[in-house]
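In order, the protein sequence lines correspond to chains A and B.
Mapping to my numbering: the first sequence position 41 is 132, numbers consecutive.
Mapping to my numbering: the second sequence position 227 is 233, numbers consecutive.
Hint data in this document are derived by calculation from the structure and do not stem from the laboratory.
It cannot be assumed that every hint is accurate.
Straight line, CA to CA, 25 Å or less: simulated SDA-like cross-link-like pairs of lysine to any residue [claimed, not checked]:
| hint | chain 1 | residue 1 | chain 2 | residue 2 |
| --- | --- | --- | --- | --- |
| 1 | A | 158 | B | 120 |
| 2 | B | 197 | A | 167 |
| 3 | A | 158 | B | 128 |
| 4 | A | 158 | B | 55 |
| 5 | A | 158 | B | 379 |
| 6 | A | 217 | A | 124 |
| 7 | B | 227 | B | 50 |
| 8 | B | 197 | A | 166 |
| 9 | B | 197 | A | 195 |
| 10 | B | 197 | A | 172 |
| 11 | A | 158 | B | 125 |
| 12 | B | 197 | A | 168 |
| 13 | A | 158 | B | 30 |
| 14 | A | 217 | B | 133 |
| 15 | A | 158 | B | 50 |
| 16 | A | 217 | B | 252 |
| 17 | B | 197 | A | 200 |
| 18 | A | 217 | A | 123 |
| 19 | A | 158 | B | 64 |
| 20 | A | 158 | B | 119 |
| 21 | A | 217 | B | 86 |
| 22 | A | 158 | B | 25 |
| 23 | A | 158 | B | 227 |
| 24 | B | 84 | A | 166 |
| 25 | B | 197 | A | 193 |
| 26 | B | 197 | A | 155 |
| 27 | A | 158 | B | 48 |
| 28 | B | 197 | A | 94 |
| 29 | B | 197 | A | 165 |
| 30 | A | 158 | B | 129 |
| 31 | A | 158 | A | 193 |
| 32 | B | 84 | B | 27 |
| 33 | A | 217 | A | 133 |
| 34 | A | 158 | A | 94 |
| 35 | A | 158 | B | 127 |
| 36 | A | 217 | B | 131 |
| 37 | A | 217 | B | 119 |
| 38 | B | 84 | B | 47 |
| 39 | A | 158 | B | 126 |
| 40 | B | 197 | A | 123 |
What you are looking at is a predicted structure, and each value in this text was computed from that prediction instead of being measured.
Letter by letter, the chains look like this.
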Amino acid sequence: MQLIDPELISDTGRGPRLVGSACARCDTVTFPRQSSCRRCTSEDVHPRELATRGVLWTWTIQCFAPKAPPYLETGVEEFTPYGVGYIELPGEVRVEARLTESDPERLRIGMLMELTLIPVPGAGEKLTFAFRPVEEEQ
Amino acid sequence: MNGGEDVAIVGAGIHQFGRHEGVSGLQMGAIAARRALANAGIAWQDVDFAAGGSDAAGNADTSVSALGLTGVPFINVKNGCATGGSALTTAHAMLASGAAEVALVVGFDKHPRGAFNPLPEEWGIGSWYGETGLMLTTQFFAMKIQRYMADYGITASTLAKVAAKAFTNGSRNPNAWRRTPLSEEEILSSKMVNDPLTQYMFCSPGEGAVALVLARGDRIKALTRTPVYLRSVTFRTRRFGSFEVFSPSIPIESAPSATTEAAAAAFEQAGIGPGDVDIAQLQDTESGAEVMHLAETGLCEHGEQEALISRGDTELGGRLPINTDGGCLACGEPIGASGLRQVHEIVLQLRGEAGDRQVPTSCRVGFTQVYGAPGVSACTVLTV
Numbered sequence: 092m093q094l095i096d097p098e099l100i101s102d103t104g105r106g107p108r109l110v111g112s113a114c115a116r117c118d119t120v121t122f123p124r125q126s127s128c129r130r131c132t133s134e135d136v137h138p139r140e141l142a143t144r145g146v147l148w149t150w151t152i153q154c155f156a157p158k159a160p161p162y163l164e165t166g167v168e169e170f171t172p173y174g175v176g177y178i179e180l181p182g183e184v185r186v187e188a189r190l191t192e193s194d195p196e197r198l199r200i201g202m203l204m205e206l207t208l209i210p211v212p213g214a215g216e217k218l219t220f221a222f223r224p225v226e227e228e229q
Numbered sequence: 007m008n009g010g011e012d013v014a015i016v017g018a019g020i021h022q023f024g025r026h027e028g029v030s031g032l033q034m035g036a037i038a039a040r041r042a043l044a045n046a047g048i049a050w051q052d053v054d055f056a057a058g059g060s061d062a063a064g065n066a067d068t069s070v071s072a073l074g075l076t077g078v079p080f081i082n083v084k085n086g087c088a089t090g091g092s093a094l095t096t097a098h099a100m101l102a103s104g105a106a107e108v109a110l111v112v113g114f115d116k117h118p119r120g121a122f123n124p125l126p127e128e129w130g131i132g133s134w135y136g137e138t139g140l141m142l143t144t145q146f147f148a149m150k151i152q153r154y155m156a157d158y159g160i161t162a163s164t165l166a167k168v169a170a171k172a173f174t175n176g177s178r179n180p181n182a183w184r185r186t187p188l189s190e191e192e193i194l195s196s197k198m199v200n201d202p203l204t205q206y207m208f209c210s211p212g213e214g215a216v217a218l219v220l221a222r223g224d225r226i227k228a229l230t231r232t233p234v235y236l237r238s239v240t241f242r243t244r245r246f247g248s249f250e251v252f253s254p255s256i257p258i259e260s261a262p263s264a265t266t267e268a269a270a271a272a273f274e275q276a277g278i279g280p281g282d283v284d285i286a287q288l289q290d291t292e293s294g295a296e297v298m299h300l301a302e303t304g305l306c307e308h309g310e311q312e313a314l315i316s317r318g319d320t321e322l323g324g325r326l327p328i329n330t331d332g333g334c335l336a337c338g339e340p341i342g343a344s345g346l347r348q349v350h351e352i353v354l355q356l357r358g359e360a361g362d363r364q365v366p367t368s369c370r371v372g373f374t375q376v377y378g379a380p381g382v383s384a385c386t387v388l389t390v
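Chain A with its partners taken away, still in its complex shape:
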């Protein structure tokens, strides 16, 4: 499996997990991992695997092709609109991510989402993280 950036995602036996960091002093969680805490400035921070489920905090649909760079040339050529949102991982952090859903009628704030991997448009086999709606469980 080829990832767009191996720093972002760990592939555990239980499936992919986002890797952020947690501050040993104030417990603040951030993503992606960084070497100091944005809240208390401590450098005593450690990598942390984040929750795979959360709720949609806000969203939009990217309706026009981003410019390349920083987007990939082939991504621009193959552009189709995509969803983007912030997913609130309970007790951790809100993570910005692409959404597998791009129909505005099927997105609403507060809906349950889970982590998945999708191909990066225009990057061949490379994968990145995304969130998909969790089907209502009976």
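Chain A is fixed; fit chain B onto it per the hints.
Frame of chain A, contents of chain B only:
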């Protein structure tokens, strides 16, 4: 104000916003500077401090070769959307402290067509952020207003009203770029860019330049009969917990935005409250930004905007006219120039020189606010 003598704007100049084939950003800056000097009735030799900049159109101090080599100390500013505000902050500090008597600030820019394409590496983020299609300011503004609409009951119709007002005001401003009024329906039915924001709810990167001449103490009255006093100018970066552009993650714990803090400090330093403001220019990168900034600056309560805008309070003839020159929506967004454009407009309105868009009621207190990546804001309070 923190001690020192009064500082006032005694001259204002602008180069029309829009697209200007064959004219460089630096040239526009020099033209605006000469107009500001003429407006103040002084020569470039009379200026003993200058500051200014652009985001993408070169070093401001290069314009000394167009204006004349006088040896003046000239500080280049490159501070994103707060470029103009930072130049003004610097000039204000120099004048208030007595280190200079007459200062010139200039902001200009010239951007290519289409959305901005910043590179993540220059903003401390991995290249993956751009490659996967997350490095867009438009996404941030859309997601911020999307959440805000749900939290405070703001409707798409209100977003359209903000844009319609901008184009109406722009149609009365000879220096604006978009001068054709558009109806609420035309705005709502234009192409969707980033839900819930349509094409005409967004400003476009553009070109333009603004310059201001400032003076201190006794020099003010000697130079003009219509000074506009700069009561405060403040600048803040983001704090932990505020929701800002280019954030791969945001904390669950929330904090006031850079705008909220810059505005509160501006009012405190001026000794003037938001309730005293007669007219304001707010960052309207898109219509939602104007809605949110109204409350973040303290000019209204969160959630009050729906009724306020529906009543027409923010229109030219309303109780609190906002973005009377058409704002970024009608003038476009040349990053280095926008902050000073707002101040330029307040100067004209407070002097009573705003022509077809002059607000009908007398105004004495003006306020400006810029906001930009990656979470910076600059505010001013101006009075006559």
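Structure-based check of all given hints:
1. A/158 <-> B/120: Holds, at about 9 Å.
2. B/197 <-> A/167: Holds. Residue 197 of chain B to residue 167 of chain A sits at ~19 Å (cutoff 25 Å).
3. A/158 <-> B/128: holds (16 Å)
4. A/158 <-> B/55: Answer violated: residue 158 of chain A to residue 55 of chain B is near 39 Å, above 25 Å.
5. A/158 <-> B/379: holds (18 Å)
6. A/217 <-> A/124: holds (20 Å)
7. B/227 <-> B/50: holds (19 Å)
8. B/197 <-> A/166: Satisfied, since the Cα-Cα distance of roughly 21 Å is no more than 25 Å.
9. B/197 <-> A/195: holds (14 Å)
10. B/197 <-> A/172: The given pair, whose Cα atoms are some 13 Å apart, holds under the 25 Å limit.
11. A/158 <-> B/125: holds (10 Å)
12. B/197 <-> A/168: holds (20 Å)
13. A/158 <-> B/30: holds (23 Å)
14. A/217 <-> B/133: holds (14 Å)
15. A/158 <-> B/50: violated (41 Å)
16. A/217 <-> B/252: holds (23 Å)
17. B/197 <-> A/200: holds (23 Å)
18. A/217 <-> A/123: Status holds; Cα separation ~18 Å.
19. A/158 <-> B/64: holds (22 Å)
20. A/158 <-> B/119: holds (11 Å)
21. A/217 <-> B/86: Violated - the C-alpha atoms of residue 86 of chain B and residue 217 of chain A are around 33 Å apart, more than 25 Å.
22. A/158 <-> B/25: holds (20 Å)
23. A/158 <-> B/227: With Cα atoms ~51 Å apart, residue 158 of chain A and residue 227 of chain B exceed 25 Å; violated.
24. B/84 <-> A/166: The given pair, whose Cα atoms are some 31 Å apart, is violated under the 25 Å limit.
25. B/197 <-> A/193: holds (16 Å)
26. B/197 <-> A/155: Holds. Residue 197 of chain B to residue 155 of chain A sits at ~10 Å (cutoff 25 Å).
27. A/158 <-> B/48: violated (45 Å)
28. B/197 <-> A/94: violated (34 Å)
29. B/197 <-> A/165: holds (24 Å)
30. A/158 <-> B/129: holds (17 Å)
31. A/158 <-> A/193: holds (19 Å)
32. B/84 <-> B/27: holds (24 Å)
33. A/217 <-> A/133: violated (34 Å)
34. A/158 <-> A/94: holds (22 Å)
35. A/158 <-> B/127: holds (15 Å)
36. A/217 <-> B/131: With a Cα-Cα distance of about 19 Å, the restraint between residue 217 of chain A and residue 131 of chain B holds, given a limit of 25 Å.
37. A/217 <-> B/119: Between residue 217 of chain A and residue 119 of chain B the Cα gap is close to 31 Å, so the pair fails against 25 Å, i.e. violated.
38. B/84 <-> B/47: Violated, at roughly 29 Å.
39. A/158 <-> B/126: holds (13 Å)
40. B/197 <-> A/123: violated (34 Å)
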